[in-house]
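Undergrad: Single-letter residue listing:
Protein chains: 2
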Amino acid sequence: MNIPQSSFKRVVIIGGGFAGIALAKKLSRQEFQVVLMDKNNYHTFQPLLYQVSTGGLEPDSIAYPIRKVLQGYPNFYFRLTEVTKIDTDKNLVHTTIGELKFDFLIVATGTKTNYFGNESIAKNSMAMKTIPQSLNLRSLILENFEQALLTDDLHEREALMNFVIVGGGPTGVELAGALAEIKKGILPKDYPDLDTRRAQINLVQGADRLLPAMSDIASKKAEDFLEKLGVHVWKNIRVTGYNGKVATTNQDTVFETATLIWAAGVQAIKIDGLDKAEFLSKSKRLLVNEFNQVNGFDHIFAIGDVAEMVSDDYPMGHPMMAQPAIQQGEKLGENLIRLQKGKSLQPFSYRDKGSMATIGRNKAVADLPNFKFQGVFAWFVWMFVHLYFLIGFRNRLVVFINWVYNYVKFDREARLIIRPFKKTYS
Amino acid sequence: MNIPQSSFKRVVIIGGGFAGIALAKKLSRQEFQVVLMDKNNYHTFQPLLYQVSTGGLEPDSIAYPIRKVLQGYPNFYFRLTEVTKIDTDKNLVHTTIGELKFDFLIVATGTKTNYFGNESIAKNSMAMKTIPQSLNLRSLILENFEQALLTDDLHEREALMNFVIVGGGPTGVELAGALAEIKKGILPKDYPDLDTRRAQINLVQGADRLLPAMSDIASKKAEDFLEKLGVHVWKNIRVTGYNGKVATTNQDTVFETATLIWAAGVQAIKIDGLDKAEFLSKSKRLLVNEFNQVNGFDHIFAIGDVAEMVSDDYPMGHPMMAQPAIQQGEKLGENLIRLQKGKSLQPFSYRDKGSMATIGRNKAVADLPNFKFQGVFAWFVWMFVHLYFLIGFRNRLVVFINWVYNYVKFDREARLIIRPFKKTYS
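Line order of the protein sequences matches chains A and B. Using my numbering, you'd call the opening residue of the first sequence number 1 and step up by one each time. Using my numbering, you'd call the opening residue of the second sequence number 1 and step up by one each time.
Next up, chain A with everything else stripped away, as it sits in the complex (with noise of 0.2 Å):
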C-alpha cells in the first residue's frame, strides 16, 4: 500500500479511536515508522454521540480528522482503509487497499453493537454507535413527529411518539434525559398543532438498577433525575424481540412504538486470523496480558475496548470507556519506547479517575475515587471533562458555545433531516 521502506521498524495501528490516537502521540518523534489504519478519515468523540442524535450538537464538532492529529509527526502514515486479516505467521496486515509487513501490531479497533444474536432487533432497531448511525436516529426522530401530524389513528400517533430505549448504562441515561427534555423544551413550540404531551420516552434496563457500574447512590439519583423528567425507567425487564411496531419483553409488557433504539450491549470487532478462541475472552475480547500484548504474541497487542486484561482488581477486563482506553496506549507508547531502547517492559495499572452520567439539561451523578456527587455541581464536572477530552480547540469551543446557547434558550437548534432515514411505520 505504498508505504516506504524504512531502516526504523514498522509499528501498524489499527484504529483511530482514544486507544489508537493515544499511542500514536506518544511515538511521535521516536524512532518508529507508524502506520495507523481506520475505516474513517476521523476520531469520533463517542461519549457525545447522543448529543448529535438529539440536535444538541453538530456531527462535525465531535469529529476530528485523524491527519490533523498526526501532521508535522515525521515517518507517520495514515491510511483510511479496512482490515479483513492478521496473518500471524507471517507478520502480515491484509486491507481493502493490499497488506502490509509489520514488526509491531496493535489492534485498538473498539467495539460494535451486540444485539445477542437476536435478528428481529438487529434488523429494526436504531444503533448509536457512530456518527452516521447518530444522524439517522436524529432524522428518525423528527420524521416521526413530521409523519404523526398527518394521521387521524390515535394508536399510530402515540407508537409515533413513543420512544423506546433499551440498555441503563450511561447511553440510554444519557439519551433518555435528552429526549426528555426536547418533549418538554421543544416539541410543543415546534409542533403547535400536536398533543406532543403523548410523547413517550420509556428506558428498559435488563438488571435491577440503572448504571449498574455506577454506586448504588449514583443508581437511585439517576432515576430519580429521569422520572422528575417524565421518563419511564422500566427495571427487570429485558426486550426479547421488535418488528418495527411492536417490542416484546420476557415478561406480559409490550410497547408499541416506531423507534427502538438498542444500547444494551457491545461486543469486541472481531478480526479475521485473530479469531480463534485461544486469543478470546468469555466475552469474545482479545485475552491480554499486563502488558497488552495478545495471549502468545510479543509483537502483537491489544488496547481499549476489544482488550481484555484480567487483573485482580479487574476479573472481568477494565470498563469498556475512553479512560482505560487512553491510558493502555499511553502505557504501550511507552513500552514502545522501552523495547526500543533495549529495556523490558511495564506492565499496565489502571488509575480510575472514574465514571459521570448526564440527565437533562443540567443534571448529573459522578463516582470518583473518594467522593460521589450528583446534581447540578456534578454537571459542571461532566461538562468540563468532555470538553477537556475532545481533541481539537475548536472542537472545543463549539461545542462550548453550543452548550451555553442551548442552555439559556432551551433550545438545540441542530434539528435538521439533512439525509432522511425513512423508515415508514403505518
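One should not assume that every hint holds.
Claimed, not checked - In silico DSSO-like cross-links for lysine-lysine, where the CA-CA straight-line distance does not exceed 30 Å:
#, chain 1, residue 1, chain 2, residue 2
1, B, K423, A, K189
2, B, K9, A, K101
3, B, K39, A, K189
Unchecked claim - Chain B regions said to be covered by chain A (calculated; three or more residues, Cβ under 8 Å):
#, segment
4, 28-42
5, 69-83
6, 174-181
7, 391-400
It should be emphasised that the hints constitute simulated quantities derived from the structure, not laboratory data. Please read all numbers here as calculations on a predicted model, not as lab measurements. Using N, Cα and C, we set each Cβ at its ideal position, and we do this for glycine too.
For chain A, the structure is supplied; the task is to place chain B on it using the hints.
TA: Only chain B this time, still in chain A's reference frame:
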C-alpha cells in the same frame, strides 16, 4: 393533510428559501392561515455551500430549522412534503402527503442545476445546490486524495488531484478560491507522502470573463486573485461532455479529472400544473407581473429565483440571488395584507444593494450601487453581510468562530468523510 379549517383565508407557500421565509415572517400575526411546505425541514443558506464542500464550515451551521422560524406564529403550519401538482381550476395543491385547498398560492421553489440536456455531465459531475450535494463533494475531494496515495500510476494520481470547476459565476469563483487555499495550506501537511504540488484547480468559463453579472473591474480583479492563488482560469471555452474520467470541450483542450463540478447553470424547478408555455418565460421561469402574480391569475404568485419579472431595468428578470428573493417575499407579504384590508396591490421595485464574491482566504470583489472595491476590505464587508443574512444567532456565532479559527490557523477542520461518496475512478 390535517390542516384545520379556519375563518381566515389560507395562504399556501411552497418553499422555505429566502423568498418563502421572508414572506412567512411578514405574515406572522396577520389574519391569514399560512401553510408553508418544503421538502426539507430546514432553510439552506446557499451562498455558503461551497464552504461546506471545502471543510470550512459544518453543514448544520448554514441550515436552520424552518419550524424554529415559525415558532410562536399563530395559525402557521409547516408540512414536510413535496408538491406533485397544482390544480389551478380547483385551487388545490397536490402533495406526497395529500391535497390542500388554497385561497392564495405562492410558488417559491427556487432553482436546480441545469445540465442543458447533457446526460454524460448530469450523470458524472458533482453539483453543489443542496447540503447533501455539498457533503458528497466534500467526501469525494477527500476520498480522491486518499486514493491518490495508493496508486503508482502518475496519470491516475494526477487525475485524482485535478479539479475542474465549470462555471465562472460566484459559485465557481468562490469554490476555486477555497480549493486553492486547501492546496496551499492543508494538503502538504495532511499528505506529506503525496506530491500535492501536482494538484490542479481549473476554472472553466464559457464567457469571456468571470463573474459576468458583475462589473468589468470585479471580473478582472477576481481573475487576478485566482491566478495569484494558482488557479488555472480558462475563458471562452465550454465543457461539452464528461465520462467520469475525461472532460471534453468545444475546443481541442481536454481535462483528465476524477472530479468535475458543474456550476454552469440553474433552471427553475417546474411544478406540474404551472408548466404550460403560457406561464413560462424563455428561460422557463414562471412569468410574473409587477405584483408577482403568475400570468393570468390574481391569487397565484411566484417569488424568488423561480419567478421572472420583466421590466425595463431587468429585461431578463431580476438576478437569481438572495436579495431579489427576500425583497419580493417581503413586498408580497405587504401586498397580501393590503388585499386583506381591501386595498390595491403595490408594484414590486427592486432595490439593488449590490453583489459580491469572495476569493480565497482574505480577498473579495464588491460592486455596490455607487462604489466598487476589491481586496481585503471587500472581504471584510463580504463576511459581515453573510453573517447578517444567516438566520439564527447560534449559526452566526458558530460560523464566525469557524471563520476566525480558519483564518488564524490556516485550517479547515471539517475535512471529514462522514458519509463516503465512493465514486471509483480507476
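Undergrad: For each hint, tell me whether it holds in the structure or not.
TA: How the hints compare with the structure:
For a cut-off of 30 Å, the pair hint linking B:K423 to A:K189 is broken: about 42 Å separates their Cα positions. For the suggested pair B:K9 and A:K101, the alpha carbons sit about 74 Å apart, so the restraint of at most 30 Å is broken. Between the alpha carbons of B:K39 and A:K189 the distance comes to roughly 21 Å, so the proposed pair stays at or under 30 Å and holds. Coverage of a stretch by a chain is defined here by at least three residues with a beta carbon nearer than 8 Å to that chain's beta carbons; for the segment 28-42 of chain B and chain A the count is 3, and the condition holds.
With a cut-off of 8 Å between beta carbons, the segment 69-83 of chain B has 5 residues touching chain A; three or more are needed, and the interface restraint holds. Residues of the segment 174-181 of chain B lying with their CB closer than 8 Å to a CB of chain A number 0, which falls below the three-residue condition for coverage. With 6 residues having a Cβ less than 8 Å from any Cβ of chain A, the segment 391-400 of chain B passes the three-residue criterion, so the hint holds.
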